[in-house]
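If you read the protein sequences in the order shown, they are chains A and B.
The numbering used here applies: residue 1 is where the first sequence begins, and numbers increase by one.
The numbering used here applies: residue 299 is where the second sequence begins, and numbers increase by one.
Honestly, the hints are just simulated from the structure, not real lab data.
Any given hint might turn out to be false.
Pairs of lysine-lysine residues, derived as DSBU-like cross-links and limited to a Cα-Cα distance of at most 30 Å, are as follows [what the hints assert, rightly or not]:
#, chain 1, residue 1, chain 2, residue 2
1, B, Lys463, A, Lys263
2, B, Lys587, B, Lys568
3, B, Lys555, A, Lys19
4, B, Lys466, A, Lys263
5, B, Lys463, A, Lys100
6, B, Lys466, A, Lys19
7, A, Lys100, B, Lys466
8, A, Lys234, B, Lys638
9, B, Lys495, A, Lys263
10, B, Lys568, B, Lys557
11, B, Lys557, A, Lys100
12, A, Lys100, B, Lys587
13, A, Lys100, B, Lys555
Counterexamples of contact, computed for chain B against chain A with all Cβ distances above 12 Å [as the list claims (entries may be wrong)]:
#, residue
14, Glu470
15, Asp504
16, Gly525
Heads up, the beta-carbon is just placed ideally off N, CA and C, and yes, glycines get one too.
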Amino acid sequence: MSILLTENTSVLIQGITGKEGLRALTAMRAYHTRVPCGVTPGKGGHVADGAPVFETVRDALTSFPETTVSAIYVPPAAAKAAILEALEAGITLVNVMTEKMPLKDAAYCLAAARERGARIIGPGSLGCLVPGIGRLGVVGGPLVDEIYAPGPIGVISRSGGMTNELSWLVRQAGLGQSTAVHVGGELLIGTTYADVLKEMEADPTTKAVVIYAEQGVNYEREIVSLLQDGGFTKPLAVHIGGAFAETLPSGTVVGHAGAIVGKGQSAREKMAALQDAGALVAERFEDLVELIHPTVHA
Amino acid sequence: MNVYEHEGKALLAKHGIAIPAGILLSRVEEIEAAAKSLGGCWVAKAQVLAGNRAAHGGVVFCESVSDVEKAVSGWLKDGLNGQPVTSALLEEHIVSTQELYVSCVYDVAVHGPLLLVGRHGGSGIETRDDVRSFPLDPRDPRRSLETIFGELGLIAKALPEFCEKIVKAFFEEDARQIEVNPVAERADGTLVALDAKVALDDAVHDHSAFGASFHPLSGDIATLFSGGGASLVNMDAMQRAGLHAANYAEYSGNPPKEKVRELATLVLSKPDLRGALIIGGIANFTDIKETFEGLAEALDALKPSYPIVVRRAGPREREGLELLRACAERNGLKIELFGKETSMNDAVARMKALML
Numbered sequence: 001m002s003i004l005l006t007e008n009t010s011v012l013i014q015g016i017t018g019k020e021g022l023r024a025l026t027a028m029r030a031y032h033t034r035v036p037c038g039v040t041p042g043k044g045g046h047v048a049d050g051a052p053v054f055e056t057v058r059d060a061l062t063s064f065p066e067t068t069v070s071a072i073y074v075p076p077a078a079a080k081a082a083i084l085e086a087l088e089a090g091i092t093l094v095n096v097m098t099e100k101m102p103l104k105d106a107a108y109c110l111a112a113a114r115e116r117g118a119r120i121i122g123p124g125s126l127g128c129l130v131p132g133i134g135r136l137g138v139v140g141g142p143l144v145d146e147i148y149a150p151g152p153i154g155v156i157s158r159s160g161g162m163t164n165e166l167s168w169l170v171r172q173a174g175l176g177q178s179t180a181v182h183v184g185g186e187l188l189i190g191t192t193y194a195d196v197l198k199e200m201e202a203d204p205t206t207k208a209v210v211i212y213a214e215q216g217v218n219y220e221r222e223i224v225s226l227l228q229d230g231g232f233t234k235p236l237a238v239h240i241g242g243a244f245a246e247t248l249p250s251g252t253v254v255g256h257a258g259a260i261v262g263k264g265q266s267a268r269e270k271m272a273a274l275q276d277a278g279a280l281v282a283e284r285f286e287d288l289v290e291l292i293h294p295t296v297h298a
Numbered sequence: 299m300n301v302y303e304h305e306g307k308a309l310l311a312k313h314g315i316a317i318p319a320g321i322l323l324s325r326v327e328e329i330e331a332a333a334k335s336l337g338g339c340w341v342a343k344a345q346v347l348a349g350n351r352a353a354h355g356g357v358v359f360c361e362s363v364s365d366v367e368k369a370v371s372g373w374l375k376d377g378l379n380g381q382p383v384t385s386a387l388l389e390e391h392i393v394s395t396q397e398l399y400v401s402c403v404y405d406v407a408v409h410g411p412l413l414l415v416g417r418h419g420g421s422g423i424e425t426r427d428d429v430r431s432f433p434l435d436p437r438d439p440r441r442s443l444e445t446i447f448g449e450l451g452l453i454a455k456a457l458p459e460f461c462e463k464i465v466k467a468f469f470e471e472d473a474r475q476i477e478v479n480p481v482a483e484r485a486d487g488t489l490v491a492l493d494a495k496v497a498l499d500d501a502v503h504d505h506s507a508f509g510a511s512f513h514p515l516s517g518d519i520a521t522l523f524s525g526g527g528a529s530l531v532n533m534d535a536m537q538r539a540g541l542h543a544a545n546y547a548e549y550s551g552n553p554p555k556e557k558v559r560e561l562a563t564l565v566l567s568k569p570d571l572r573g574a575l576i577i578g579g580i581a582n583f584t585d586i587k588e589t590f591e592g593l594a595e596a597l598d599a600l601k602p603s604y605p606i607v608v609r610r611a612g613p614r615e616r617e618g619l620e621l622l623r624a625c626a627e628r629n630g631l632k633i634e635l636f637g638k639e640t641s642m643n644d645a646v647a648r649m650k651a652l653m654l
């Protein structure tokens, strides 16, 4: 079993004719994922690396009605229209790679998706990967087979590079990943750690989960509530990056847009809350897999 | 990004929100004339971005021109709480019948914008439990507001209109946060924003180059990290190892080599460095060879004598690391190169062993 993607998932790319869109096309095809077509307004009728290009998502779905997922690779100013177009055409899973989308546009799209019961991963998300099954986006890049192999560990990360780094820790420990999800580093994100944990709780392949999280806006509260309510019962290890930032002035942003220094959202405060709720907390990022390893063999 | 109080107030005024009459002072000689032109009682406020300004003595109520001169010239000369102060805002003192709290902010708990309203503004607002929060529908914030107009009107007659203007400013100015604390209600029922804490949406307002960030710090190890997450994890590892960063610098995505050269030159040319850490995680799509071409160009020009530790993986990692090896050889540099087999933490520990 797998979450988010299956062997039969069919993905269209909005912005398929751009550099980033073409790279995503190559990455998904190279990892067992069907990308029958793409959309770029003004380029309908063209062909992008063998994939037909349509004017609108609706046109694309008329020709490829089995497509339920869209990967969005458009500039920030065009992202809102692209996401709303996908949602209105009936797409149920939207991965938004676009970074630096205006907050008011992101908020608008998240509300629209919520109303329709659709899922947005991102904005600012490189996607997700189910080892051996498929890839949505560019997670893993060309080194994918060195880092990813099917296994019992769910991987969730706020950072694109750290999604690989964490999955590599898992692999180095002789384990594999059930699914790796890059939720994105922006202030507002459509799919949070807790949302993915709920999926991983229901997924029989996932035996334990590791999370790379960061100081800044507090999505970890949702993890704490989920643990307290018994909504996630498998072993969970979390690391919060950015303990150093406590010495920086309030309001400073380090790395990701969501990593804003502020009261109640320091690495130390979040780690303490997670620990109290029963999560395993890694002081060092490198210790994450060591914490979870014994629980998988038991 | 946070903006100064006087900038935040200008933004509120643009949307029809009343603010106290005030004058921005940046020179000691301006103080007396400014105070006399405002007349009566004054509030002098140091313009700094740090929080807890009042607790550090950055807000002073003045009853005479000499009070004003003492406060403002003190800040301009000596700064506030160790921070330099380049300007102060001198305002008329507003007499209020009650002080409220109003804020509009993106909140992750509701995954969208939130309006916060408190009956009792002023310091210590974080610990008060009578602040009400109202989620706003980002698709039609006005309609969300209309449903709570009645409730707001019970707190102060002019509050619905005030909140409407705050929310309008929030969306139209692409703000991340607008906090007015306190909002003064005057005897005639009008509301005045006595303070303004405004943070703008970086995605819209920050036009700095190609998604790189840089903060100068006071240590002696230059840092250049790739990837937001990797930058945090490595800064933490440095802290644990007792290394002091000379700066925080991070680039991500796929910047052209010229941009990497520019950032690398800025970071590596700081005087009195004892080492440099150039570390990234396992990139998804950053072209390691191309980005390292920019780094090699910076190293060719600077030829630093301090030790450098590089750890990086991702597309074209072999070509990228090979390029740096050649660069080190032709310049006689002390560089150690690592791939993903070496953890970021171990790379940082290696710096500790090598540093001058």
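Verification of the supplied hints:
{"no.": "1", "hint": "B:Lys463 <-> A:Lys263", "result": "27 Å, holds"}
{"no.": "2", "hint": "B:Lys587 <-> B:Lys568", "result": "25 Å, holds"}
{"no.": "3", "hint": "B:Lys555 <-> A:Lys19", "result": "17 Å, holds"}
{"no.": "4", "hint": "B:Lys466 <-> A:Lys263", "result": "27 Å, holds"}
{"no.": "5", "hint": "B:Lys463 <-> A:Lys100", "result": "26 Å, holds"}
{"no.": "6", "hint": "B:Lys466 <-> A:Lys19", "result": "37 Å, violated"}
{"no.": "7", "hint": "A:Lys100 <-> B:Lys466", "result": "22 Å, holds"}
{"no.": "8", "hint": "A:Lys234 <-> B:Lys638", "result": "29 Å, holds"}
{"no.": "9", "hint": "B:Lys495 <-> A:Lys263", "result": "15 Å, holds"}
{"no.": "10", "hint": "B:Lys568 <-> B:Lys557", "result": "18 Å, holds"}
{"no.": "11", "hint": "B:Lys557 <-> A:Lys100", "result": "19 Å, holds"}
{"no.": "12", "hint": "A:Lys100 <-> B:Lys587", "result": "26 Å, holds"}
{"no.": "13", "hint": "A:Lys100 <-> B:Lys555", "result": "22 Å, holds"}
{"no.": "14", "hint": "Glu470", "result": "9 Å, violated"}
{"no.": "15", "hint": "Asp504", "result": "8 Å, violated"}
{"no.": "16", "hint": "Gly525", "result": "3 Å, violated"}
Of the hints listed earlier, those the structure fails to meet are numbers 6, 14, 15, 16, in rising order.
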